[in-house]
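Chain by chain, the residues:
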Amino acid sequence: MHDPRRIEAFLYDEAAFLDRPDLDGWIALYTEDAYYWVPAAEDQADPINHVSHVYDDRVMMEIRRRNFIHPRASSKDWPVRCSHVIGNVRVRESTGSEVIEVSSNQHVVVHYREEQRVYAFKATHELVPTGDSFKIRSKRVDLINPEAPQTSLVIYL
Amino acid sequence: MQSIPDRNFDSLVTPTRLHRSLYTDPDIFELEMERIWGEAWIYIGHESQIPEPGDYFTTNINHKMPVVMIRAKDHTIHVLHNRCGHKGAKVVESRSGHVRGALRCAYHGWTYRFDGSLQKVPNEKGYEGTGIDLSDPCYSMQSLAQTSSYRGFVFATLSESAPDLETWMGGAKACFDNLCDRAPEGEVEVAGGVLRYEHACNWKFILENLNDTMHPMVVHESIVKAAESYIATLPPEAAEQRREAEIIPPFGASYEKFEDSGITGFPFGHHYDGGKTSIHSGYAVDPDYYNAMVAAYGKERSEDILAFNTHNVLFYPSLTIKCAVQNIRVVRPISVDKFVVESWSFRLKGAPESMLQRTLLYSRLINSAMGMVGPDDLEVYRRAQEGLASSASEWVEFHRQYGKDLTQTDRIVGGGTSDLDMRTQYRAWKAYMEKSPQGHIRHA
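These protein sequences, in sequence, are chains Z and V.
FYI, the numbering for the first sequence is 1 to 157, going by the numbering used here.
FYI, the numbering for the second sequence is 1 to 444, going by the numbering used here.
In case anyone wonders, no lab produced these hints; they're calculated from the structure.
Here the structure is a predicted model, which is why all the values come from computation and not from measurement.
There may be inaccurate statements among the hints.
Stretches of chain V that chain Z covers, calculated by requiring three or more beta carbons in the stretch to come under 8 Å of a beta carbon on chain Z [what the hints assert, rightly or not]:
1) 163-172
2) 221-230
3) 340-347
4) 356-362
5) 367-379
6) 414-424
From the derived model, a few chain V residues whose C-beta atoms are all more than 12 Å from chain Z [to be verified]:
7) M214
8) Y290
9) G298
10) F398
Using N, Cα and C, we set each Cβ at its ideal position, and we do this for glycine too.
Hey, can you work out the whole structure from these sequences and the hints?
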């Protein structure tokens, strides 16, 4: 069993990269076969046969990372700053699997285009122990309002 | 503030310029809702969303008027005003679902058949001798003035006098045929959910942007460069990654490529770019899909279908479709500076599921509010919305290739980087607002 406080601390570290935001540091927390998923429906079973707000593998994460700092990306001309608060962390480890499933409730305030916007979601991470820390194999962001009209969001949650 | 004319809009729309108040004046917006959205055929939904009697789908037909599309027991489709005939409450609240027996108002329990007719009023004896005639349609859930569908796509209009749907679509109808003919079984169905994207700007910006081929290489330069620089790092064996990433670079196609694709305009404001070629024509064709097409249609007909390659088709003012990607976007204004776009995807019946998966991949990358293309488009619309508050000039211009459009029997054709799309939609805008006829191409 892993110390839950170390797992929580790892989630805080990930959030700190997104709060700044520092996508170079953030993407280094992910495995090469990782994906990042924001479903567009409640309890969405499938990222392939149903549309999602985001379903990025490493390819798309690499493209977004490059786009995020590109001088001609006009939607990124505006400063983006986030504040993540993470709670209700629950860890599920199963024998015979190296993958640790971690769920948490996250409230994120995003400052963008001179507005403050609130996103509330359940995050589900699959973590793989790596050295003395972890890597993220997948992160699923289940918004409490996945079917509501969304406005532009240019940063990962 | 520019005063709003009643029947002559020459002071707001010229062949090459628009007055800025079209984007900023709430009174013009309200008049648009009455004269354009109240007169045109508005896309409601697809028949496949309501396969069984009692299945329904709700939306608004303009900025606020709620309607419900429902399948009746005889399998006919009805588009009804979503309003109880009693106190006016909305009867159906969910976005979609199924009702058994009858529609029932949550307030006083009046019930309606699926064709909207009044079924029962609780404790009806209280109305005896009051002079009310409950068989008067005003006490039912009333049908829209006209409802019609073409190959499963359901439209309705608030106008008694609108021409029939196929006349109104004109030559742009061929794009619905192409979308459906791309299915080996000749039919499509809604699949894979919906994305809703709120835009804090005037609804006309997105219509103007669809076939504005002078913007992609500027607005989407960063994402194209990001994708290309990443693709360049991929080893040769990374075919899957390359296939996924290659959906992006066409958005940065050159001026010459867009010019060659051409723009075609029709009466009532409809238009498309592409035809023989478009930015979508470079996508690889899945061999299983190709074989299914050839089995259904034969080689020659299949290749004709796949060769008709439009980019965006606008059915002015509420619907834009991408035949080659099996994806549609539905526009709904909310106020002078706010609208919502819904992106729906379609399964090609008889095609491999990989075709639907490609459509969904496309939609989440391009149409999502968290995508890599849509936010840059919205950013420039919002800058236009904010910039047009300036009194530096009263006008925005659209002169590109003015005087060079070619008028044919039922359509006008021009260069792919021309402003023919603007001329087409604002000819319709003006005709709707002036209440003048527009069923034929006027020779310039």
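Outcome of the hint check:
1. 163-172: violated (count 0)
2. 221-230: holds (count 8)
3. 340-347: Coverage by chain Z holds for the region 340-347 of chain V (3 residues, Cβ < 8 Å).
4. 356-362: n = 3 at 8 Å, threshold three: holds.
5. 367-379: Coverage by chain Z holds for the region 367-379 of chain V (10 residues, Cβ < 8 Å).
6. 414-424: violated (count 0)
7. M214: At roughly 15 Å from the nearest Cβ of chain Z, M214(V) sits farther out than 12 Å, so the non-interface label holds.
8. Y290: 21 Å, holds
9. G298: At roughly 30 Å from the nearest Cβ of chain Z, G298(V) sits farther out than 12 Å, so the non-interface label holds.
10. F398: 21 Å, holds
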